[in-house]
Amino acid sequence: MKTRRQHAAENALTISRRSTQSPLSIGNSETIPTDLIIEVLLRLPPKSIPKCRCASKLWDSILRRADFTELFITRSRARPQLLLSCVENEELFLFSIPQEVQNQDVVTANYHTRFPCGRSSKIIGPVRGLVCLTHLRKYKKTAPVICNPSTGQSLPLPNVKTRSTLVNTFLGFDPVGKQFKILSMTTRDYINCEEHQVLTLGTEKKMSWRKIECSISHYFRHINHGICINGVVYYVAGLNEPPMANGIVCFDVRSEKFKVINRGEEMALWSQSTLVNYKGTLGALLTEGFTEVTGETKCFQLWVLVDAEKHEWSKHISICLPLLWNNIVANATLFFVGVTGTDEIVLSPKYVSEPYCFYVYYYNIESNAIRRVEIQGMDAFRHCQIRLSLNHVEDVKLLQYI
Numbered sequence: 001m002k003t004r005r006q007h008a009a010e011n012a013l014t015i016s017r018r019s020t021q022s023p024l025s026i027g028n029s030e031t032i033p034t035d036l037i038i039e040v041l042l043r044l045p046p047k048s049i050p051k052c053r054c055a056s057k058l059w060d061s062i063l064r065r066a067d068f069t070e071l072f073i074t075r076s077r078a079r080p081q082l083l084l085s086c087v088e089n090e091e092l093f094l095f096s097i098p099q100e101v102q103n104q105d106v107v108t109a110n111y112h113t114r115f116p117c118g119r120s121s122k123i124i125g126p127v128r129g130l131v132c133l134t135h136l137r138k139y140k141k142t143a144p145v146i147c148n149p150s151t152g153q154s155l156p157l158p159n160v161k162t163r164s165t166l167v168n169t170f171l172g173f174d175p176v177g178k179q180f181k182i183l184s185m186t187t188r189d190y191i192n193c194e195e196h197q198v199l200t201l202g203t204e205k206k207m208s209w210r211k212i213e214c215s216i217s218h219y220f221r222h223i224n225h226g227i228c229i230n231g232v233v234y235y236v237a238g239l240n241e242p243p244m245a246n247g248i249v250c251f252d253v254r255s256e257k258f259k260v261i262n263r264g265e266e267m268a269l270w271s272q273s274t275l276v277n278y279k280g281t282l283g284a285l286l287t288e289g290f291t292e293v294t295g296e297t298k299c300f301q302l303w304v305l306v307d308a309e310k311h312e313w314s315k316h317i318s319i320c321l322p323l324l325w326n327n328i329v330a331n332a333t334l335f336f337v338g339v340t341g342t343d344e345i346v347l348s349p350k351y352v353s354e355p356y357c358f359y360v361y362y363y364n365i366e367s368n369a370i371r372r373v374e375i376q377g378m379d380a381f382r383h384c385q386i387r388l389s390l391n392h393v394e395d396v397k398l399l400q401y402i
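Numbering-wise, the working numbering puts 259 at position 259 of the sequence shown, and it's gapless, one number per residue.
None of these hints come from the bench; they were simulated from the model. Watch out, some of these pointers could steer you wrong.
[Claimed, not checked] Straight line, CA to CA, 30 Å or less: simulated DSBU-like cross-link-like pairs of lysine-lysine: (1) Lys122 - Lys161; (2) Lys211 - Lys178; (3) Lys178 - Lys47; (4) Lys315 - Lys298; (5) Lys259 - Lys161; (6) Lys279 - Lys315; (7) Lys206 - Lys257; (8) Lys206 - Lys51; (9) Lys211 - Lys257; (10) Lys122 - Lys47; (11) Lys259 - Lys178; (12) Lys279 - Lys298; (13) Lys257 - Lys315; (14) Lys51 - Lys178; (15) Lys298 - Lys350; (16) Lys315 - Lys259; (17) Lys206 - Lys161; (18) Lys122 - Lys206; (19) Lys57 - Lys178; (20) Lys57 - Lys47; (21) Lys279 - Lys257; (22) Lys122 - Lys259; (23) Lys211 - Lys122; (24) Lys178 - Lys257; (25) Lys178 - Lys161; (26) Lys211 - Lys259; (27) Lys178 - Lys206; (28) Lys259 - Lys310; (29) Lys350 - Lys315.
[To be verified] Simulated DEER-style distance windows between Cβ atoms: (30) Glu90 - Thr34: 43 to 51 Å; (31) Leu324 - Pro158: 45 to 53 Å; (32) Gly377 - Arg163: 39 to 47 Å; (33) Ser318 - Glu374: 24 to 32 Å; (34) Glu265 - Cys299: 13 to 21 Å; (35) Arg163 - Glu70: 37 to 45 Å; (36) Gln376 - Glu70: 30 to 38 Å; (37) Gly377 - Glu296: 28 to 36 Å; (38) Ser318 - Glu100: 19 to 27 Å; (39) Lys51 - Met267: 44 to 52 Å; (40) Arg382 - Ile317: 33 to 41 Å.
The beta carbon of each residue, even a glycine, is placed where N, CA and C say it ideally should be.
Please construct the entire structure, taking both the sequences and the accompanying hints into account.
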């Protein structure tokens, strides 16, 4: 049975054939309104867009318009996706499932595309429909790649030139200037980030890295993906200045300035925090011990940032897990993924479990209920680490025209 999007694609091709008549008419008598063409194009799956660019000059001009891109992303936000990524044989594979999975025990992963990569690659994002693929190997030159999972496009970026041996990279988006920026920090000893460089996508024919100043002495103890919320990239880092502990560093994508948000005293008593987007505000999920969650876990907490300048946090909720938690989670080792718009905390393992099944777990904050959803189509990656990300949206803009 055909999906609505498949029907829309067929209708679009029919209209495209008619729209090549002069002057964009049906039977040379009835003009097709541009608004109707836009409405049809908005209903297409992203992978059909490249074909439509070739249909006519009018269609190509419509698809390049900034307002069309905004409309497409806005509609996609109403049906956010959960993005799954894994690396096998030096290739990055990308899948997705609907983020809001209701009354379903089994969902089939939708395969998007794959990109070449290295074994030590790091996947950053998604941010506004794009992911960044970079490398953690000790190279003096490391070239990131920007990728669009929905269209299958990728764009190699200039090398990060550095004397250091380790590179940590973050992807951000400035919603005011409508610009993507990549922040790269390098270090040789895990003690201090030595160089800070920024690359702005699409502003020049030849993009180049710019060195920027950072007055905050900090370092990374482990691979850090960070999170971008409303034009600010947040990431956990060790501080080389008082209070000499883990803090949350903020990078304003527009101003390119850094600052620190300290965790509250009660938060500091818990383990490392997992940063999440909670209804457009920075949140932190904390659990006992380490970042892992198991069937033996009794509770965890969700904190929400109230005032960054005052380092003020609010304990949004302290969760005592239901009795069924241990039965459903069993021997699995889970990690926080994030919080959905419907107040469900999403958790997942890092690997496919025996007998080659991959599950995603949803904990409903309001009802204190836990459910498990099987993701079919991931059994071929049973030896690979699988990473999940919330709030993926579809973007159809050409990468070279960002």
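To see whether the hints hold, each was checked on the structure:
no.: 1; hint: Lys122 - Lys161; verdict: holds (18 Å)
no.: 2; hint: Lys211 - Lys178; verdict: holds (21 Å)
no.: 3; hint: Lys178 - Lys47; verdict: holds (23 Å)
no.: 4; hint: Lys315 - Lys298; verdict: holds (17 Å)
no.: 5; hint: Lys259 - Lys161; verdict: holds (25 Å)
no.: 6; hint: Lys279 - Lys315; verdict: holds (15 Å)
no.: 7; hint: Lys206 - Lys257; verdict: holds (24 Å)
no.: 8; hint: Lys206 - Lys51; verdict: holds (28 Å)
no.: 9; hint: Lys211 - Lys257; verdict: holds (12 Å)
no.: 10; hint: Lys122 - Lys47; verdict: holds (25 Å)
no.: 11; hint: Lys259 - Lys178; verdict: holds (22 Å)
no.: 12; hint: Lys279 - Lys298; verdict: holds (25 Å)
no.: 13; hint: Lys257 - Lys315; verdict: holds (28 Å)
no.: 14; hint: Lys51 - Lys178; verdict: holds (26 Å)
no.: 15; hint: Lys298 - Lys350; verdict: holds (21 Å)
no.: 16; hint: Lys315 - Lys259; verdict: holds (22 Å)
no.: 17; hint: Lys206 - Lys161; verdict: holds (15 Å)
no.: 18; hint: Lys122 - Lys206; verdict: holds (24 Å)
no.: 19; hint: Lys57 - Lys178; verdict: holds (25 Å)
no.: 20; hint: Lys57 - Lys47; verdict: holds (19 Å)
no.: 21; hint: Lys279 - Lys257; verdict: holds (24 Å)
no.: 22; hint: Lys122 - Lys259; verdict: holds (24 Å)
no.: 23; hint: Lys211 - Lys122; verdict: holds (22 Å)
no.: 24; hint: Lys178 - Lys257; verdict: holds (18 Å)
no.: 25; hint: Lys178 - Lys161; verdict: holds (26 Å)
no.: 26; hint: Lys211 - Lys259; verdict: holds (17 Å)
no.: 27; hint: Lys178 - Lys206; verdict: holds (19 Å)
no.: 28; hint: Lys259 - Lys310; verdict: holds (12 Å)
no.: 29; hint: Lys350 - Lys315; verdict: holds (28 Å)
no.: 30; hint: Glu90 - Thr34: 43 to 51 Å; verdict: holds (45 Å)
no.: 31; hint: Leu324 - Pro158: 45 to 53 Å; verdict: holds (52 Å)
no.: 32; hint: Gly377 - Arg163: 39 to 47 Å; verdict: holds (44 Å)
no.: 33; hint: Ser318 - Glu374: 24 to 32 Å; verdict: holds (30 Å)
no.: 34; hint: Glu265 - Cys299: 13 to 21 Å; verdict: holds (19 Å)
no.: 35; hint: Arg163 - Glu70: 37 to 45 Å; verdict: holds (41 Å)
no.: 36; hint: Gln376 - Glu70: 30 to 38 Å; verdict: holds (34 Å)
no.: 37; hint: Gly377 - Glu296: 28 to 36 Å; verdict: holds (30 Å)
no.: 38; hint: Ser318 - Glu100: 19 to 27 Å; verdict: holds (25 Å)
no.: 39; hint: Lys51 - Met267: 44 to 52 Å; verdict: holds (51 Å)
no.: 40; hint: Arg382 - Ile317: 33 to 41 Å; verdict: holds (35 Å)
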